[in-house]
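Just so you know, the protein sequences line up as chains A and B, in that order.
The first sequence begins at 90 in our numbering and counts up by one.
The second sequence begins at 34 in our numbering and counts up by one.
These are computed hints drawn from the structure, not numbers from a lab.
None of the values given here were measured: they were computed from a predicted structure.
Honestly, I wouldn't trust all of these hints.
Distance ranges between label pairs, derived from CB positions [what the hints assert, rightly or not]: (1) B:310 - A:97: 56 to 62 Å; (2) A:306 - B:318: 56 to 62 Å; (3) A:303 - B:49: 38 to 44 Å; (4) A:97 - B:325: 34 to 40 Å; (5) B:318 - A:258: 52 to 58 Å; (6) A:101 - B:306: 38 to 44 Å; (7) B:38 - A:246: 25 to 31 Å; (8) A:200 - B:85: 55 to 61 Å; (9) A:290 - B:60: 57 to 63 Å; (10) A:202 - B:300: 55 to 61 Å.
Coverage of chain B stretches by chain A, computed from C-beta distances (three or more under 8 Å per stretch; other residues unrestricted) [as the list claims (entries may be wrong)]: (11) 94-106; (12) 241-250.
Partial selection, computed: residues in chain A whose CB lies under 10 Å from chain B [stated by the list, open to error]: (13) 138; (14) 175; (15) 178; (16) 191; (17) 199; (18) 200; (19) 263; (20) 266.
Note that beta-carbon positions come from the ideal geometry of N, C-alpha and C, so glycine has one too.
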Amino acid sequence: MIKLVNVSKVYDNGVKALKNVNLEIKKGEFVFLVGSSGAGKSTLLKLLLKEEEPTEGSIYLNGMDITRVRNRRIPNIRRNIGVVFQDFRLLHNKTVYENVAFAMEILGTHPREIRRRVPMVLSMVDLSRKASYFPDQLSGGENQRVSIARAIVNNPPVLIADEPTGNLDPDTAWEIMKLLNDINSRGTTILMATHAKDIVDHMQKRVITIEDGILVRDIEKGGYDREITTV
Amino acid sequence: MTVRLRLFKNVIKQGFQGMWRNRGMGIASISSISAVLMILGVVLILILSINALVVDTQSKFDEIEIFLYDDITDDEMVAIEDLVRGKEGVLSILFKSKDQALDIYKEQWGDEAYLLEGLEEDNPLPNSYVIQLKDISYADDIVAELKKMTGIEKVNYHKEIIDKLMLFANYIRVGGMVIIAALIGVSIFIISNTIKLTVTARRREISIMKYVGATNGYIKGPFVIEGLLFGLIGALISIGIVYFGYGYFFDSVNGKVYDIFTIALVQPNTILTDISIIFTAIGAGIGAIGSLVSMKRFLNV
Ligand SMILES: Nc1ncnc2c1ncn2[C@@H]1O[C@H](COP(=O)(O)OP(=O)(O)OP(=O)(O)O)[C@@H](O)[C@H]1O
Ligand SMILES: [Mg+2]
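Next up, chain B with everything else stripped away, as it sits in the complex:
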C-alpha cells in the first residue's frame, strides 16, 4: 500500500513537472479547452434561458377560455361545468360574464378606455368560462371533449404557441449538443496532438523507463496528470470568463429588454455552481482523454 502511495506521489510530481516544462505548448491546449468551454457556456445559458422561457410561458398560458353563445341554455352550461370539473388537471373553472370581460378590457386599455364607452348597452363580448389548468399538457384532451358540446362558440387556448416554443427549444438543445460534441472532439484532438509532441520528444526516456521495468501506468500517469492539469486550468479560465462576462451582459440587458427576456434570462449566480461542475468535469475529461489518446502507440515497446 505504501509502495503504491509512493508510486502515486511520484506520478503526481512528474505530472506537475511535465506541465511546467511544457507550459509553452500547454498554452495551446489550455486555450483550446477554454474556447470550447466558453462556447459550451453560451450554449448552456441559451438552453437554460429557453427552458425557463418555456416553463414560464407554460404557467402563463395554462388557461382555456370557452366563449359561449348568448343563447346558451342553463342545461348546456351545467353540462359544460360538469364535464370540465370531472377532468384531470383542472384547478378551477370560473364564469366570466360579458360585463366582467368588458371591465377587464377597460382596465387593460387604461387611458384609452374612453373608446370603449357606450359598449355597455350592447356589449359585443361573449360570456365565457375560464379554466385554470395544472399545466398546458392537459388542454388537448379537454378541448377535444368541449368541441362536442353545444352552446360553445369558440374555445381559445395557446397550445400552438407553446408547441412552437417547445419545438424551438428542442432545436436549440439538439443543435447545442451537436455543436458541443463536435467541439469536444476537436479539442481532444488538439490536446492529444500537443501532448503527442512532448511524448515524441521524450520517446527515448519512455523506452528507457520501460527497460528499467516501469509499468505502463507509471509511464502514462504523469502525461495524464499533465493533460488533466491543462484541462483544469482551461476550465478555471473559462468559468471566470463565462461567469463575469455573462454577469456583465445580464446587468446591462436586465430591465432594458422586453419583459419576456428578463424573465427568461437565468440569474448569473444560479449558473455558477452548474458551470463550475460541468466545466471542471469536461475540462479534466478532455485533458485526460487527450493525453491517453496520444500515448497509445508509444507504449508498445
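Chain A extracted, bound-state conformation:
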C-alpha cells in the first residue's frame, strides 16, 4: 500500500528532516508514527501528501511512484488519502454538513450520492444531530470528528493523521481513537503521527519510531518505546 525506499528529505534551509528512510505499510494496517518533536514525523506525512518533495528516494502508493507524479496530478493522489490534522482545518463559513459535502462536491459527485453519503458518515462519527452547526459552535472533539468524517467520506484507502488528538483532553482523545480504530477495522489503512504515549501503549498496534530523521524502531505490536513496554 505505502512504501518508502531510501527516502531522504533536506529542506531548503539545510535541515535534514529525514535520512534514508525505508518503510513498508500493508493494506489495512494501523501504524503509529512516534518520535520526539522535530524528529521528522510531519515531514514524512507531508511527503505522502506531496506537500513536500523528497530530496532522494521513491515513495510508492498503491504501487505507483508518486515522486514521479506531475504537479497537475497531485489532486488525484490526495483524493486517495484522507487527512486529519491537529488543528482540524475546517471551513468556518460552512456547516458540519457542508464541510463534509464539500469534499464530495469537488470531485463532482452526484448530489443524490452526496445526500446519501454525508448523513451516513455523520452518523458514523455520531454528529447527526449537529449537522447544521458551524465549526465555531462545536467542541474540539466534535470538530475533529467532523474532519475525520470529511477525510473518509470519499472512502479513501489510506487515512493520514498528524497528531489528531493533540488538542484534545484524554477522554475526547480516546473517543477519536475508537473512531479511528473503527475506520481501520473497515479496511482503511491508517498512519498516525502522535505524542500520546498512553494511546500508543494501549492500542498495541505497529509503532514506527523516528529520531533525528532516522527510522530507529519498527515494532509489530508495540508501545511508545521499548523500555517501558518490556518492563
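Starting from the known structure of chain A, fit chain B with the ligands onto it as the hints suggest.
Frame of chain A, contents of chain B with the ligands only:
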C-alpha cells in the same frame, strides 16, 4: 462528462457567490474597468471619425486639374489626353474651357458674382483638364508623367492635404493604441490586486481545498468567474455611458459645426455593435486575466 458538468456548475455557482460576497471591493474593479473602457470608447470614436474624414476627403479630392497654356497646340493636347487615358486608376478626363471655368466661379461666388463681370472679354482663367481618379493614391504616378509634357502650365492636386491628414490620422491611431494598452495594463493591475485581497482572505480555505484534493482549476475557476463578472459589469456600464453620452454629444453638435465635422463624426448607432463586442471582450479579458495573475503564487501548496 456529467461529472465535469457538475464541477463546472459548482465553479460557476461559487463565482457568483464570490462576486456577491466581495461586491464592496468589486466596485473598485468595476469602476476601473469602466473608466478604461470609456476612455477606449472616446479614442475609438476619435479614430473612427478620423478614418471617416480621411475616406471622405480622399473621395472629395480624387481629382487632378491640369492648367494649360493658352498657346497649347492640338498635338500637345492629344498627347496629354492619350497619356492620361492610358493610365491606371483614371475614371475620366474632361476638358474645361476658360468660359466653363468662369461660369463655375460665378456660380460659386453667387451674389457677389457681379464682381467678375467684364472678365468675359479677356478671361484670365486658363483652359484645363479635370481628371477623375478612382482614388488619390494613383495621382503621384500620373502627375510625374504629366510634368514631362509640354503645354502644361500647372498641375493641381491635393496630395499634400491628404498626406498630412493621413499622417495625423496615424498619430491618433498609434497614440490611441498606446494609451489604451497602458490603461489595460493598469486596470489588470488594479483588478488583480482587488482579487488578491479576497484570495489572501481565503488563503486558509484554498489550502484546505487543496488538501481535500481540489484541482487548481476548481480552485481558480470561481475567482476567474468573479473577475469575469466584474469585467462584464464594467463593460455594460461603459457601453451604456459611451453610447448615450456620445449620442447626446452627436445630437447637440450635429448641424452646428462645420460640414466637415458632421460628415466625419460616426453615427452613434453604427458604433453600438462594435463597442458592445469590443468592450465586452476587453472587459471580460481584463477581469479574467487580472484574477489569474492574482492567483498565481497561491496555488503552490
Ligand atoms: N518547511 C520547512 N522548512 C524548513 N525546515 C522545516 C520545515 N518543516 C519542518 N522543518 C524542520 O524539519 C525537522 C522535522 O520537522 P517535522 O515537522 O517533520 O517534525 P515533527 O516530528 O513533526 O515534530 P513535532 O512532533 O513537533 O510535530 C525540524 O527540524 C523542523 O524544524
Ligand atoms: Mg509534526
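Outcome of the hint check:
1. Range check, residue 310 (chain B) to residue 97 (chain A): Cβ separation about 58 Å, and the 56 to 62 Å hint holds.
2. The hint said 56 to 62 Å for the Cβ distance between residue 306 (chain A) and residue 318 (chain B), and at roughly 59 Å that hint holds.
3. A hinted range of 38 to 44 Å for the beta carbons of residue 303 (chain A) and residue 49 (chain B) is inconsistent with their spacing of about 52 Å.
4. Taken as a hint, the range 34 to 40 Å holds for the pair residue 97 (chain A) and residue 325 (chain B), whose Cβ atoms sit roughly 36 Å apart.
5. Range check, residue 318 (chain B) to residue 258 (chain A): about 55 Å between beta-carbon atoms, so the 52 to 58 Å window is met.
6. Checked against the hint of 38 to 44 Å, the C-beta distance between residue 101 (chain A) and residue 306 (chain B) comes to roughly 55 Å, which is inconsistent with it.
7. A C-beta distance of roughly 27 Å is found between residue 38 (chain B) and residue 246 (chain A), which places it inside the suggested range of 25 to 31 Å.
8. For residue 200 (chain A) paired with residue 85 (chain B), a C-beta distance near 56 Å keeps the hint of 55 to 61 Å intact.
9. The supplied range of 57 to 63 Å is met by residue 290 (chain A) and residue 60 (chain B), whose beta-carbon atoms lie about 60 Å from each other.
10. A hinted range of 55 to 61 Å holds for the C-beta pair residue 202 (chain A) and residue 300 (chain B), which are about 57 Å apart.
11. Counting residues of the region 94-106 of chain B whose CB lies closer than 8 Å to any CB of chain A gives 0, which falls below the minimum of 3, so the coverage claim is violated.
12. Residues of the region 241-250 of chain B with a Cβ under 8 Å from some Cβ of chain A number 9, which satisfies the need for three, so the listed coverage holds.
13. With its C-beta approaching chain B no nearer than about 7 Å, residue 138 (chain A) sits inside the 10 Å limit, and its interface hint holds.
14. A cut of 10 Å between beta carbons decides the hint on residue 175 (chain A): the least distance to chain B is about 13 Å, and the hint is violated.
15. Taking 10 Å as the C-beta cut-off, the interface hint given for residue 178 (chain A) holds, the closest approach to chain B being about 5 Å.
16. Evaluation of the residue 191 (chain A) hint against chain B yields a held restraint, the C-beta minimum of about 7 Å falling below 10 Å.
17. The beta carbon of residue 199 (chain A) is positioned within 10 Å of a beta carbon in chain B (closest approach about 7 Å), and the interface hint is therefore held.
18. The closest approach between the C-beta of residue 200 (chain A) and any C-beta of chain B is roughly 8 Å, which is under the 10 Å cut-off, so the hint is satisfied.
19. Because the beta carbon of residue 263 (chain A) sits about 26 Å from the nearest beta carbon in chain B, more than 10 Å, this interface hint is broken.
20. Among the interface hints, the one on residue 266 (chain A) is violated; its C-beta lies about 22 Å from the nearest C-beta in chain B, farther than the 10 Å criterion.
Going through the hint list in order, the structure does not satisfy hints 3, 6, 11, 14, 19, 20.
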